[in-house]
Amino acid sequence: MLNNASQPDHAVGRSAIDPHRLAQIERRNRRERWGRAWYKFSRNPLSVLGLIMVVTITLMAIFAPFVAPYPQHAEPFTDFANASKPPGGQYLFGTDEIGRDILSRCIFGFRYALVMGVAVLSLVVPVGVLLGLVAGYFQGTIIDTIIMRVTDIFLSVPPLILALAVASVLQPNLTNAMLAVSLMWWPWYTRLVYGLASALRNEYFVVSAETIGAGTGHILFREILPNMVSPILTKMSLDMGWVVIIGSMLSFVGLGVQPPTPGLGTMVAAGARFLPDQWWIAIFPALAIVVVVLGFNLLGDGLRDLFSAEES
Amino acid sequence: MQRQADALRRLGLFLARRLVQSIFVLFGLSILIFTIARVLPGDPARTALGARAPQETVDRLREEMHLNDTLPVQYTYWLGDALRGDFGMSLVTRRSVTTDIAEFLPASLELVIFAGVLTLVGGIALGTLSARYKDSWVDNLIRILSYAGVVTPAFIFAIIFLLVFGLALDWLPSIGRLSEGVPKPPLVTGLITVDALLAGQLATFWDALQHLIMPGVALALGSMAQEARITRATMADNLNKDYIAAERALGIPERVVMGRFLLKPSLIPTISIFALDFAANLANAFLVELIFNWPGISRYGVNAMLRKDLNAITAVILILGVVFILMNIVVDLVVGALDPRIRLRAARSD
Amino acid sequence: MKALSRILLVFMAALLIGSAVSAQDEARSLRITFSWPNYIDPAVGSDFASSTSLANLYDTLVFPMGDGTVSPWLAESWTISDDGLTYTFTLRQGVMFHDGSELLASDVAYSFTRLKEIGEGYAYLLPAATVAASDDTTVSFTLEQPSGLFLPSLVRLYVVNEDLVRANALADGLYGENGDYGKEWLLTHDAGSGPYMVEEFPLAEYLQMAKYDGWWNAASFVPNAADRVRFIGTTETATVRSLMADGELEITDQWQTNEALTALDGLDGVDIKTFPTMTSFYYMMNNRLAPLDDVHCRRAVAYAFNYQQALALEWPGTQQMVGPVPSTVGGHNPDVTVYTRDLDKAREELAQCQYGADIASYPIDVVWIAEVPAEERFALLFQANMADIGLPVNVISNPWLSVVENTSRQETSSHIVTIYVASDLAEAGLMLQQRYHSSTAPTWQQNEWLLDPDLDARIMDALNTADAGERFAKYAELQAYIADLSPSLFLYDQLQKHAVSSRVEWTPEANSPVMGYQFYLPLIGVNS
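Residue numbers (my numbering), protein chains in the order written: chain A, 106 to 417; chain B, 137 to 486; chain C, 473 to 1000.
Next comes chain A alone, as it looks inside the complex (with noise of 0.2 Å):
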């Protein structure tokens, strides 16, 4: 189908610009787009609020036995003298049923939500967008409506019940949580690359390369793919909010991160039993997942306007 190497340049019926050159020109606008974006960006300042709070919770999660001050709290660990204190001076946050610092195990607690959102995207993103570019491709074959008939199937329910269901079976583990919603959360991207793609296909430079004789991988990965990154990482961003609010509801319901483990869910689970005396049990782990989300999603819509900009 590919098979363009024999076919003269004029067959193609567009202008004789060496495409080489062309792709040349592309790649420079694409370096300069970027530094004209990130000068936009820093002038809104949700945007800079949002990537400087993803920036410090990862850092906090990253160097969570350093920043948190009662690092051995995130494990197993007992104090049933300093059970159930009210935040103050010592315990900012307070302390759980067991005397365990709430603030650090809040600050591992980001660890566990990031993981789970890295985990998860980076099984998502390379088989949706993978699958979405084939069939966005070859759109109009079999190849397409198989790909995206199955996507359909999929997308016919809302993820967190096909979720909640996968992981329900499945042994209650951060590990199983991560591939009950691995499962369920390719298909939004197949269904994003799908309809970008079936759109740049017939672009110029697409074509060109075509005619040149590219190989499909070439065109796939050096053409399109780049061509629609901005998307990509937008969606990226925003979902790694939405990951992050689903693995709390499984571990909500007890089929996520197990404790001792401080998973920020499981944390607002075993507090709402201590509703609404030891309200601190549960609220400030609440309030911890409510932080990443806000994080993500602000940044996540700086990075939107800012493309849509671009595009207009």
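These are calculated hints, taken from the structure and not from any lab test. Check each hint, because a few of them may be wrong.
[Unchecked claim] These stretches of chain B come out as covered by chain A in the derived footprint (C-beta under 8 Å, 3 or more residues): (1) 159-172; (2) 289-301; (3) 439-452.
[What the hints assert, rightly or not] Chain A is faced by these chain B residues, among others (derived, beta-carbon under 10 Å): (4) Leu281; (5) Leu426; (6) Ser434.
Idealized CB from N, CA, C, for every residue including glycine.
For this one, chain A is given, so just place chains B and C on it according to the hints.
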């Protein structure tokens, strides 16, 4: 006349194609769910009857459930039953899953519809307000609040509401659909508020409404915030259009400009997002129903999942799938009706 | 604007009517929260909520007493044949089911057959027997072998109304000519003769029962017995708390945390009532898995654990277990080895253990049940205690269904599983059988995997001894033997705790410890 007939024909064609597509999707979904449910280790018949039931009873149930056949054969039996509305027995409630769903689905629908009304009214009102006073403190306040609404999961709202309004202030009832001693209205739709109004039982209606408020608002806030943001964005876009300036210049009252010329065309994205949110709320209701002890299909589904009640799990997912697909079709129809420029596309790709 | 004010008016009127309705209904109403599900079919239910419901909806041949014995109930008297195999009961006359028909000997026979054929619920407790109703008031059971447990186990034979069940049975079912044996109908209805009857049962919400004035023993209703009882299907702390604060709940469930109970205790007119049960908290050690397969290592663990600190985490008044059975059951032996924290003794035992020198390289897993979050702190305490003798411990939580699955096979059973076990009847021997007989090894009731044929034979011999004194002596010996074996950690006898409104007059400690009879409703008074 000719044009109308044409439009009708297109509509019919569109519906037919979407239905065929939906049937295909549901068929695929049923295979997916069946596979998830049957890869589990263990004997479903033994699980259903308990560890101490006599082996012969278990064998009889195995026979009845066709568990001795191959998986594809089992699937055809299961599909045949499912098509007749028979999803088998629930492990937890010990009765037919169909009965369970008939009992629990109306409670969820009542909750989701209530949340939907709040979403639509609140979202459009806030969005319009925000657009009308664009860049003022009203706008900024609404934008910040709606951001908080979007990023906060419903179950966290639910917990906070329960804490503040149910426990600390004690303003609202915190569990169930009706207080004890309040007479239940005769069953018509299964939605207690509606049934109570039909039967003229105002006290029951009022009580049921109070029970709806906390779970309903917790569920609605997220989508309401989303709606507000979208309404504001579209209206702000249209606000810059020349025809609005022209109308203002002509001295048409601001109220009329906002309502007739600005709001209406701005509603299309709002409505399409709303319909999807409505279906998604059936799923988001999972934890909200759990927290408020709301006897709905989501709570039923979570309990089924935690107890590995396979028949119930598969049925709940299929039902929610059907609702989701139907809502998608409705979106297309409504959007088509609102905006004659958008022709109904047989295969929406987004 | 006019329309709006009219709607507001209607709302206000509705509000007034609403409050009037609820005030009127306040009289003699008893509301209790329970965990869900609640199976009220006598051949299906066996957990706490079900047992409590069944005890109040149905009558039994004999009634369990506070001292662990049984007294005549539907059966006025009975005789036992000399070989100990045939029990013949003479029934009370004029007992009416809730539908007004008379309870006959044939109903008893039908109930027994139905229970055994369905085989769920409490069916396993009743021994195999042939049953015959020779006339309307005489029913006899012939056992296959003598049993000391037959009479006590009859408190789990709830007598159903045969005609009513048959009339409501579905033709299509698993039980041949009996169709579904009325299982679907009995899920939400009762066919009993007990002091209360089902009024309304929206599954997953509540079970509502009404007082049955035609009860044969109506004279024993306390004067202020509730007219209407509602078992509410929730144990959510926050909801229970707000119901109690609003006066919409009289008694809470037993699953509230200590923190929640303390808070409830602080409410006006609410007190905490506690009473002993037949439930004990065990750390079940896998006796087949190194290092716990050596009795000295097991004893070292038993001596290293800090029982006093564990009790301090529980509600005040909770007592450490004495031996392998709860102290409330008949035949409990108070003179057995009781382990208390003694690190010297622990190290001494460890030195004798074959793994003693190298104990640090034998880490053990402690699995607690994810649905019972209060267990976590005991597991963490255990971990801290074992560090004192150099034994590394991993604390793991597992959901109940996984625990059930994992304990069913020896190779997947963990080192230690922490489980509360309730004795089904007030008989020490039954608890010993539940916990240490080989037949229960593949169930969650035993993670020890003792698999000792001698012990099995001794337990069965004790259970089959018809004479109570002789039987209890055999139980006592067995308890001493098992205590020395240290197959499990015996943590504490559970205290059942409920927050109770001061409107309620309730003395559960006077009732039988058999599960379900603490809430024998005819004896609970409610003042409005």
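Verification of the hints:
{"no.": "1", "hint": "159-172", "in the structure": "holds (count 8)"}
{"no.": "2", "hint": "289-301", "in the structure": "holds (count 7)"}
{"no.": "3", "hint": "439-452", "in the structure": "holds (count 5)"}
{"no.": "4", "hint": "Leu281", "in the structure": "violated (13 Å)"}
{"no.": "5", "hint": "Leu426", "in the structure": "holds (7 Å)"}
{"no.": "6", "hint": "Ser434", "in the structure": "holds (9 Å)"}
Violated hints amount to a single one, hint 4; each of the other numbered hints is respected by the structure.
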